[in-house]
Amino acid sequence: MLKESTLAAAAAIYRAVVPAGDYWLHEVKAGQTFRIVDVDGNQAADTLFYNAADPFERYSASDTIRAQANVYLGVGSKLLSTDGNVMATITADTVGRHDTLGGACATESNTVRYALEKKTMHACRDSYLLALAEHDRFGLTKRDIGHNINFFMNVPITEDGGLTFADGVSGPGKYVEMVAAMDLLVLISNCPQLNNPCNAYNPTPIELLIWGEGA
Amino acid sequence: MSELLYEDVLPGGTHWSFVVRRGLLLRLVDVDGGANVGMLFYNPANLLERYNAPDTLKCQHTFKLTRGNCLYSDMGRVFCSIVDDSVGWHDTVCGNTTRAVVAERWGTRTYQACRNDWQLNGHDSFLVEGGKYGLGRRDLAANVNWFSKVVVADDGAMTFDVGNSKAGDHVDLRFEMDTLVLLHTCPHPLNPAADYPRAAVRYQFRSAPPMTEDDACLNACPENRRGLENNRLYHLIG
Numbered sequence: 001m002l003k004e005s006t007l008a009a010a011a012a013i014y015r016a017v018v019p020a021g022d023y024w025l026h027e028v029k030a031g032q033t034f035r036i037v038d039v040d041g042n043q044a045a046d047t048l049f050y051n052a053a054d055p056f057e058r059y060s061a062s063d064t065i066r067a068q069a070n071v072y073l074g075v076g077s078k079l080l081s082t083d084g085n086v087m088a089t090i091t092a093d094t095v096g097r098h099d100t101l102g103g104a105c106a107t108e109s110n111t112v113r114y115a116l117e118k119k120t121m122h123a124c125r126d127s128y129l130l131a132l133a134e135h136d137r138f139g140l141t142k143r144d145i146g147h148n149i150n151f152f153m154n155v156p157i158t159e160d161g162g163l164t165f166a167d168g169v170s171g172p173g174k175y176v177e178m179v180a181a182m183d184l185l186v187l188i189s190n191c192p193q194l195n196n197p198c199n200a201y202n203p204t205p206i207e208l209l210i211w212g213e214g215a
Numbered sequence: 001m002s003e004l005l006y007e008d009v010l011p012g013g014t015h016w017s018f019v020v021r022r023g024l025l026l027r028l029v030d031v032d033g034g035a036n037v038g039m040l041f042y043n044p045a046n047l048l049e050r051y052n053a054p055d056t057l058k059c060q061h062t063f064k065l066t067r068g069n070c071l072y073s074d075m076g077r078v079f080c081s082i083v084d085d086s087v088g089w090h091d092t093v094c095g096n097t098t099r100a101v102v103a104e105r106w107g108t109r110t111y112q113a114c115r116n117d118w119q120l121n122g123h124d125s126f127l128v129e130g131g132k133y134g135l136g137r138r139d140l141a142a143n144v145n146w147f148s149k150v151v152v153a154d155d156g157a158m159t160f161d162v163g164n165s166k167a168g169d170h171v172d173l174r175f176e177m178d179t180l181v182l183l184h185t186c187p188h189p190l191n192p193a194a195d196y197p198r199a200a201v202r203y204q205f206r207s208a209p210p211m212t213e214d215d216a217c218l219n220a221c222p223e224n225r226r227g228l229e230n231n232r233l234y235h236l237i238g
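Line by line, the protein sequences are chains A and B. Going by the UniProt record's numbering, the first sequence opens with residue 1, and the numbers climb by one from there. Going by the UniProt record's numbering, the second sequence opens with residue 1, and the numbers climb by one from there.
Worth flagging that the hints you see were computed from the coordinates, not collected in a lab. We treat Cβ as the ideally placed atom computed from N, Cα and C, and that holds for glycine. One should not assume that every hint holds.
[Claimed, not checked] Where chain A lies over chain B, by a calculated footprint (3+ residues, C-beta under 8 angstroms): (1) 70-77; (2) 139-150; (3) 156-167.
Can you make the complete structure from the sequences, with help from the hints?
Okay, structure coming up:
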């Protein structure tokens with residue numbers, strides 16, 4: 001289901017552009033609305049959520065899938081934590097489908113997926129590790145890197161159990177928007193993947209906006 | 001079938017753990033049909049290396065696990081290969097029951113009232129077994145649910161297949177590296193049964209025949225050959 005937001009970008013209290021291959025780590029407070037924009041289209045925003053008050057509680061793909069009995073994310077999806085609490089609810093979406101099964105690329109998984117000699121190419125889990133190391137006041141480490149959401153990615157599953165990385169359903173300027181249900185730490189790796197035809201081998205920027213009090 | 005080295009039965013709704021050495025084969029048998037075995041894998045030499053369901057699925061372009069599939073760590077290596085499977089479909093995305101899910105679905109049966117017929121859940125079971133190795137809630141990941149099948153419609157809606165695994169069905173895991181295994185026999189979280197399902201599972205350790213060039217897991221896809229090559233390097237340099 002597609003649903004446009006009623007919020008104007010000019011009214012946002014926070015805006016930032018994150019280039020391909022960089023990370024973004026920022027707090028989004030309970031009640032605030034958070035938008036991720038696919039600036040040039042078919043980019044993957046690999047996103048993790050932590051409870052800002054207890055960061056060892058984090059987004060759980062399997063609990064989210066189990067609770068909504070659906071493998072795709074879209075308007076109305078509640079993003080659940082490892083403790084079964086709602087972290088955020090998707091309230092607007094001009095893409096229609098987001099993946100929470102495919103995970104984030106890593107140098108190690110690149111060797112398996114593409115070729116052994118790809119092991120030195122920049123990957124999302126490197127961005128996550130750098131972000132956590134540069135913000136070690138949160139006490140988060142590799143232990144806390146769970147299974148993320150891939151906003152703007154389309155990973156259809158067939159009835160006979162196949163899984164395919166389809167061409168993106170996203171496009172320039174499309175976005176997803178959610179309301180935080182608790183104070184969140186949001187960690188995004190704007191994917192640097194150069195081996196996947198989904199983004200035409202060309203990773204591009206994303207933009208982040210926040211509406212509400214106290215950003 | 002290679003020589004049986006050890007076997008035991010876990011009743012339904014219980015949990016256990018062990019370290020399996022490389023070269024052993026673990027056979028799981030669904031004793032009465034309708035079993036579910038939640039399972040997680042860690043490298044005992046580096047507990048930060050753990051089972052990664054997304055890598056396992058996307059490396060092999062599959063949503064289900066069956067014969068020919070390898071189970072990957074987040075470090076691009078293979079914990080174990082599925083060398084035989086009479087079931088055909090095992091789930092690795094739906095996660096676990098929690099205390100809240102069990103209470104909502106099947107009511108509360110406390111230890112005080114029911115002793116060992118209480119109703120455990122998969123999440124707490126993993127916390128208990130993981131705790132024996134210094135693992136906590138930060139270390140849990142999406143687990144395998146052996147014997148359980150969940151199909152996905154075009155719109156993403158999921159349906160649990162009640163008749164997926166029959167009495168006597170089995171799955172054989174050949175361990176490709178030393179592995180810490182956490183497991184429970186709590187119900188699959190989407191099981192619609194009216195009463196808390198309690199299905200026993202037999203587990204057997206056997207020596208695994210050496211991998212040959214015509215091995216089904218090695219040849220299932222080029223990705224698995226590269227993953228197993230990563231294992232070779234790991235065992236070469238430690």
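Hint check results:
1. 70-77: holds (count 5)
2. 139-150: Holds: 5 residues of the stretch 139-150 of chain B have a Cβ under 8 angstroms from chain A.
3. 156-167: Holds: 3 residues of the stretch 156-167 of chain B have a Cβ under 8 angstroms from chain A.
Violated hints are absent here; each numbered hint is respected by the structure.
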